[in-house]
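**Student:** Chains as they are written, first to last, in this note's numbering: chain X, 2 to 321; chain P, 240 to 524.
Calculated directly from the structure, the hints in this document are not laboratory data. Cβ atoms here follow ideal geometry from the backbone N, Cα and C, with glycine treated the same way. Hints may contain errors.
[Unchecked claim] SDA-like cross-link-like pairs, simulated, lysine to any residue; straight-line CA separation at most 25 Å:
#1 X:LYS242 / P:PRO322
#2 P:LYS331 / X:LEU260
#3 P:LYS341 / X:ASP320
[As the list claims (entries may be wrong)] Selected chain P positions facing chain X (in silico; Cβ < 7 Å):
#4 GLY290
#5 HIS291
#6 LEU317
#7 VAL374
#8 VAL408
#9 GLY428
#10 ILE470
Here is how the chains run, residue by residue.
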Amino acid sequence: MASNFQLDFEQPIVELERQIEGLRKLADEREMDVDREVGPLKDKLSELRSEIYENLDPFQRVQVARHPRRPYSLDYINEAFTDFIELRGDRQFRDDPAIVAGLARLDGHTVMVIGQQKGRNTKENLKRNFGMAHPEGYRKALRLMLVAERMKIPVVTLVDTAGAYPGLGAEERGQAEAIARNLEVMARLRTPIVATIIGEGGSGGALALALADRVLMLENSIYSVITPEGCAAILWNDATKKARAAEALKITAPSLLELGVIDEIIKEPLGAAHNDPSATAVALKKSLSKHLSSLRKLKTDKLLARRAEKFLAMGKFTDG
Amino acid sequence: MAWFRKERKERPPPREKLEIPQDAWDKCSSCGTVDLTDKFERSHMVCHNCGHHGKIPAGTYIELITDPGTFTELFGDLTSVDPLGFDGYPDKLARAYNKVGKQDAILTGVGDIHGVTTCIGAMEFAFMGGSMGSVVGEKIARLARKALEDRAPLVLVSTSGGARMQEGVLSLMQLAKTSAMIAALKEEGIPFISVLTNPTTGGVSASYAMQGDVNIGEPKAVIGFAGARVIKQTIGQDLPDGFQRSEFLLEHGMLDMVVSRLEMKDTLGRLLRMMLGKEALELTG
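So that you can see chain X by itself, here it is in the shape it has in the complex (with noise of 0.2 Å):
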């Protein structure tokens, strides 16, 4: 069951959790003050999250960014927003479940927020199809942001997909397109965009969602070119060297920010979203909120020629 589910390095904290469970229970049943036991082991949990979730080493952020309890888009769209309402389809073959959309209210002001939606069960799943679109969820996406463009309202993207799906109809109704479609309007959209990545950032199904004015982070996301396990595929042919890929291929937080190619990291809560999800939904709020207020300020034209400044400006090289 997903509630129950622990990575290994999270093993400590759930056995001392369950170590103070099993002293309150004692304490109810025989009506005993446990209260001064229990604070110091409440102080020692505090303190081995902070120390484990402060220490995780590349693949065990990327395990967290997948934590089948971490909040997904609809988490965030229920806690974060208000007045949320549907709005489905591509209107030219089906409405794609891997992506939910429609307009909502952060703050009071109108959004189109767009979200990658994974399942939290099988049955989820099949429906949601893993938070891994194909070209009509993009298109959909793509609809919704042209119709945002017309009303002047600005778009909130989330992100959090392994990828675009690689399946057969995907490529019959052309996935690469839709993808290459989204960037090339998103470039010129007349209307704030805000991306923020929220679980995986998976390459070119992710960067559909987020050719952005600003691209936020949460702490424990990811956001790469390819999965660690791809990677270590291709370049060692061993998919078990997973853990020196997702160190090479700087995908954490913090080393996108270096590179430039992410502006703001949002803090989780200690021991990660999943931990405490609607402090996670309050700390994005209070993000988007600010990236949204200055951005408002910006005439359109500005906004767009600050846009294409940001991504032309990515990438490394010498010349000469």
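Once you've looked at the hints, dock chain P against the given chain X.
**Tutor:** Frame of chain X, contents of chain P only:
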């Protein structure tokens, strides 16, 4: 004296043994036809038996589509660095620069096509699989900016396995960078023709290669987002014949036409002259 005597002819001196160089012969990688390398090269690696389009260097492709002597290389000094300190990347780069040339995975410049001065880029598959890193992205962005400034059309000939993973997410960002410039060109009404050759996959297909006002595929070129192996693993069944080939994409509405390499120049020239409202060129000879 013997009764019968056969008149002996003088033996001609033994002919000098012809030294046939190893690479005198070439083989079509599709149908296996063997013929003189020279003959393959004269037909620009298009097999005369099955029409298979083999790979040709970027410079040769540009020669093929431009009016003789009109091409000038630009931005040729841009060189890849190792931004992430990625294990083995500097060695790979050094080998590729040595073996293939200093143009990295794309050769860019200006040349005439049927008398139309055009900004042209051709990718080089031999250079790390035509992978797009920071240099490829920057060269395309600069070429598109030049097209914008000179109001000259843009032609990009793609062949690439996708983004260069040794540059990590910086290579992914080149999709955004090139798309931003193509979008700017389109806003100004400057024509962009994309030629997709074998193979054009991954990040390159998911950005500029699919963004042409006109998209042209070479016959049987593999074009797609995900690699066939990955798709096969994902869906757990064999892929249909001709899947992700130019003809498949044409049928599914992703390409305007499939054109043989040998007719590419004429097609580009006619398209460009029409798009720019120039009268048709009188072709002589």
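**Student:** Could you run down the list of hints and mark each one as holding or not?
**Tutor:** Cross-check of the supplied hints:
Simply put, X:LYS242 and P:PRO322 have alpha-carbon atoms about 21 Å apart, close enough for the 25 Å limit, and the pair holds. Between P:LYS331 and X:LEU260, the direct Cα distance comes to roughly 22 Å. Compliance with the 25 Å bound is thereby established for this hinted pair. With a C-alpha separation of about 12 Å, the suggested pairing of P:LYS341 with X:ASP320 holds against the 25 Å cut-off. The interface hint given for P:GLY290 is violated, since its Cβ lies 24 Å from the closest Cβ of chain X, which is over the 7 Å cut-off.
A cut of 7 Å between beta carbons decides the hint on P:HIS291: the least distance to chain X is about 22 Å, and the hint is violated. Against a cut-off of 7 Å between C-beta atoms, the interface hint on P:LEU317 holds, since the closest Cβ of chain X lies about 5 Å away. At about 5 Å, the closest approach between the beta carbon of P:VAL374 and any beta carbon in chain X falls short of 7 Å, and the interface hint on this residue holds. The beta carbon of P:VAL408 comes within 5 Å of a beta carbon in chain X, closer than 7 Å, and the hint placing it at the interface holds.
Hint status for P:GLY428: violated, given a least beta-carbon distance of 14 Å to chain X, over 7 Å. At a threshold of 7 Å, the smallest CB-CB gap from P:ILE470 to chain X is about 5 Å, leaving the interface hint in force.
Checked against the numbered hints given earlier, this structure breaks hints 4, 5 and 9; the rest are met.
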